[in-house]
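J.: Next come the chains, spelled out residue by residue.
2 protein chains.
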Amino acid sequence: MSTSIKQMMQEIGQRARAASRAMARASSEQKNHALLHIAQLIRQQVSDIEQVNRGDVERAKASGHDAAFIDRLTMTPKTIESMALGLEQIVSLDDPIGKISALQKQTSGIEIGQMRVPLGVIGIIYESRPNVTIDAAALCLKSGNAVILRGGSEAIDSNTLLAKLIQAGLTAAGLPMDAVQVVSTTDREAVGEMITMTEYIDVIVPRGGKSLIARLMAEARVPMIKHLDGICHTYIDVDADVAMAIRVCDNAKTQRYAPCNAMETLLVNADIAPKVLPELCKIYQAKGVELRVDSATRHTLESAGLKDLVTASEADWQTEYLAPILSIKTVADMDEAMNHIEQYGSKHTDAIITNNQDRAKRFLREVDSASVMVNASTRFADGFEYGLGAEIGISNDKLHARGPVGLEGLTSLKYIVMGHGEIRT
Amino acid sequence: MSTSIKQMMQEIGQRARAASRAMARASSEQKNHALLHIAQLIRQQVSDIEQVNRGDVERAKASGHDAAFIDRLTMTPKTIESMALGLEQIVSLDDPIGKISALQKQTSGIEIGQMRVPLGVIGIIYESRPNVTIDAAALCLKSGNAVILRGGSEAIDSNTLLAKLIQAGLTAAGLPMDAVQVVSTTDREAVGEMITMTEYIDVIVPRGGKSLIARLMAEARVPMIKHLDGICHTYIDVDADVAMAIRVCDNAKTQRYAPCNAMETLLVNADIAPKVLPELCKIYQAKGVELRVDSATRHTLESAGLKDLVTASEADWQTEYLAPILSIKTVADMDEAMNHIEQYGSKHTDAIITNNQDRAKRFLREVDSASVMVNASTRFADGFEYGLGAEIGISNDKLHARGPVGLEGLTSLKYIVMGHGEIRT
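Here the protein sequences come in this chain order: A and B. Residue numbering for the first sequence follows this note's numbering, beginning at 410 and increasing consecutively. Residue numbering for the second sequence follows this note's numbering, beginning at 410 and increasing consecutively.
Rather than coming from a laboratory, the hints here were simulated on the basis of the structure. A few of these clues could be false.
Same chains, same names: a pair is fine if it fits in one copy or spans any two.
DMTMM-like cross-link-like pairs, simulated, lysine to aspartate or glutamate; straight-line CA separation at most 20 Å [unchecked claim]:
no., residue 1, residue 2
1, 487, 457
2, 691, 596
3, 770, 438
4, 514, 745
5, 684, 711
6, 415, 497
7, 514, 503
8, 770, 520
9, 619, 775
10, 684, 775
11, 514, 800
12, 619, 791
13, 684, 480
14, 514, 791
15, 470, 723
16, 508, 566
17, 415, 729
18, 619, 806
19, 619, 420
20, 514, 587
21, 770, 504
22, 487, 744
23, 508, 775
24, 508, 767
25, 696, 729
26, 619, 608
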């Protein structure tokens, strides 16, 4: 690593650490004041933002980026307004910081409680989506953290301008502008430094595609809140309501294909398969979903006159398609379904459709995923849908934060001890 | 790494992972049955345990280990009985697994809750203290986890025998014996494999000295619950009760010198220093505590006739003595004290002695340590004293578990979603 990048990142880290102390002390009023001021500045400067963003977009087009990439990079009056609305929405969320659990008196006389506190300094590494700059900064700010933002290099001018507006908002509220810093270099070495500078960054939240996350996982020393895969399953139990199973499984796969909580593998009990699969798979095929099936499923579907089935390979059970493709397997019972989920799942989100209470309970308890659902679409695994108000990401790790991560996932608890001069004997 | 060690550890990991599924399902009754059966076996086999342990102790003596080492390794009827009592005590603790928070209905109709679940597979790496084999296994077992134990090589025969008793207890309760495995090789490569096999171990709890932990931190890929240093401070505020300050600070330093929660640095407000330091430091010196002081403290103490003071160096503020040595600094106010703690502390445990409510509140909120105390001895930072019932260790990291870690720190939360056929729109 070149000395200059390393030194620059260390300095950013030092400033963030210093700012984090002031952020931890900040009142809810100060933090909300900053967020509302940023929203106001964004609305005042829509045309400036659009103009700067246009430069980023033109360079990205000239470099040959595809339409989806350009779409994520482009800011319009509508997406800019939704950033401002997002800020106002985060203002409306309860401030978790400083809350103290009920104090418990111990036999020694001391009273023990836990206080919710910020993590300290958060690093966000993301692709060329300028809206993440505002969303992520706002969540970190509200939760009393300092944040270092490293967005995709194609969005650098947009992000730099947004950072200025954020810093103006912080200053207006009497908060340190170093609480939100955008890494100004597009050099990839900056990322390598971020994910290893454990003395200055408490946690990294990577937002982006699988290749980015895989690379960070291999090299990071700073803990991450992240998920690599979202291989989500729905199991249709023998005691499922057929109409519900069809409605929910259609939604879980086709409502949107790209999100990590979309269903990728459907598991069906053999005894109910003939009643549910033909109708459901006709819907999938009408929507252009390619079906990759095991031999029992093929038999069920071909008996009902369906065609154009692909034979699922071992690789299919391990694949997060994020596309109109679905793998389907017929299983003998819930245990086989749970074994399949254990073997091939990614511990993200898995659901059962059943009216059997005992099996619902077993599935909830035994499936080791961040979100386990009964009779609902996997697409609900989302911070807004869970009532968290917003999310910084989804974690399928088991430590610290698991599932959709909102403000609370950006905090920690510390023990507080209220004594009256007690000593240990 | 040699292929055979790697393969052996991978196989241990696979078996632990498989066993962890059965452990996650196990009822409280089964787990308690196993624990009580192990206690019974331990009591039945006191003389066998002593005899096997004697072999370990003789080899360790022959290798020239010091008295403290031999003391930790040696099992007596008394220490063996306290292991059995420890098991019974863990039986009496509430089983955290399967508890569900209140379900919250969302506007979509789905209901969201969180269920407490085991982490999965815990790895414990510890020194030659056979009692840890029982204590750690019991906590992991009660919290529904599988565990891989890698104790110090000098205790290998003792640990192997204890593992057999544990496995007999598991079998008697209908639980898989692979839920508790002792690594049977004393090869150090086994540790290197444990701390990197992220597919089989969810978290490592290292228990041991600083050099062990530092080495693991440099090489581990598996997350750890740990602390490296315990540089604990007490700040005597200008509004402290002098008698309380003396009593608490005496206790925090001298009740025991070796624990990580013993005070290592005393910070004193300049205005109260003449009233509290001479009397307190006479007590320290009478107990043989070496005092390393800054110039203001030296002035205060020498004016009161104290001698034999060592001048504190920069290194002293960074040192966890774990010995009858104390560094003392006189500060102008609480802000200087908090800045010192921020700069030199280890985020373990820090206390203030004060009758001023506003400063107590600020100290509690702003000092970024796992335990922050008002008017109490830092020696209280302990799982038993906090009412957790037992502890697997103390963490000064901010993610997942912070401070003394009991059963709950060995668990995670997953989201559970109860639907009625809802789909996302």
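J.: Each hint needs a verdict: does it hold in this structure or not?
T.: Verification of the supplied hints:
no.: 1; hint: 487 / 457; in the structure: within (14 Å within a copy, 77 Å between copies)
no.: 2; hint: 691 / 596; in the structure: neither (49 Å within a copy, 59 Å between copies)
no.: 3; hint: 770 / 438; in the structure: between (43 Å within a copy, 18 Å between copies)
no.: 4; hint: 514 / 745; in the structure: neither (48 Å within a copy, 31 Å between copies)
no.: 5; hint: 684 / 711; in the structure: within (13 Å within a copy, 92 Å between copies)
no.: 6; hint: 415 / 497; in the structure: neither (36 Å within a copy, 53 Å between copies)
no.: 7; hint: 514 / 503; in the structure: between (28 Å within a copy, 18 Å between copies)
no.: 8; hint: 770 / 520; in the structure: between (37 Å within a copy, 15 Å between copies)
no.: 9; hint: 619 / 775; in the structure: neither (27 Å within a copy, 38 Å between copies)
no.: 10; hint: 684 / 775; in the structure: neither (27 Å within a copy, 62 Å between copies)
no.: 11; hint: 514 / 800; in the structure: between (35 Å within a copy, 18 Å between copies)
no.: 12; hint: 619 / 791; in the structure: within (19 Å within a copy, 41 Å between copies)
no.: 13; hint: 684 / 480; in the structure: neither (41 Å within a copy, 70 Å between copies)
no.: 14; hint: 514 / 791; in the structure: between (38 Å within a copy, 15 Å between copies)
no.: 15; hint: 470 / 723; in the structure: neither (38 Å within a copy, 56 Å between copies)
no.: 16; hint: 508 / 566; in the structure: neither (38 Å within a copy, 49 Å between copies)
no.: 17; hint: 415 / 729; in the structure: neither (36 Å within a copy, 30 Å between copies)
no.: 18; hint: 619 / 806; in the structure: within (15 Å within a copy, 27 Å between copies)
no.: 19; hint: 619 / 420; in the structure: neither (29 Å within a copy, 29 Å between copies)
no.: 20; hint: 514 / 587; in the structure: neither (40 Å within a copy, 39 Å between copies)
no.: 21; hint: 770 / 504; in the structure: between (34 Å within a copy, 18 Å between copies)
no.: 22; hint: 487 / 744; in the structure: neither (48 Å within a copy, 47 Å between copies)
no.: 23; hint: 508 / 775; in the structure: between (33 Å within a copy, 13 Å between copies)
no.: 24; hint: 508 / 767; in the structure: between (38 Å within a copy, 16 Å between copies)
no.: 25; hint: 696 / 729; in the structure: within (19 Å within a copy, 66 Å between copies)
no.: 26; hint: 619 / 608; in the structure: between (27 Å within a copy, 18 Å between copies)
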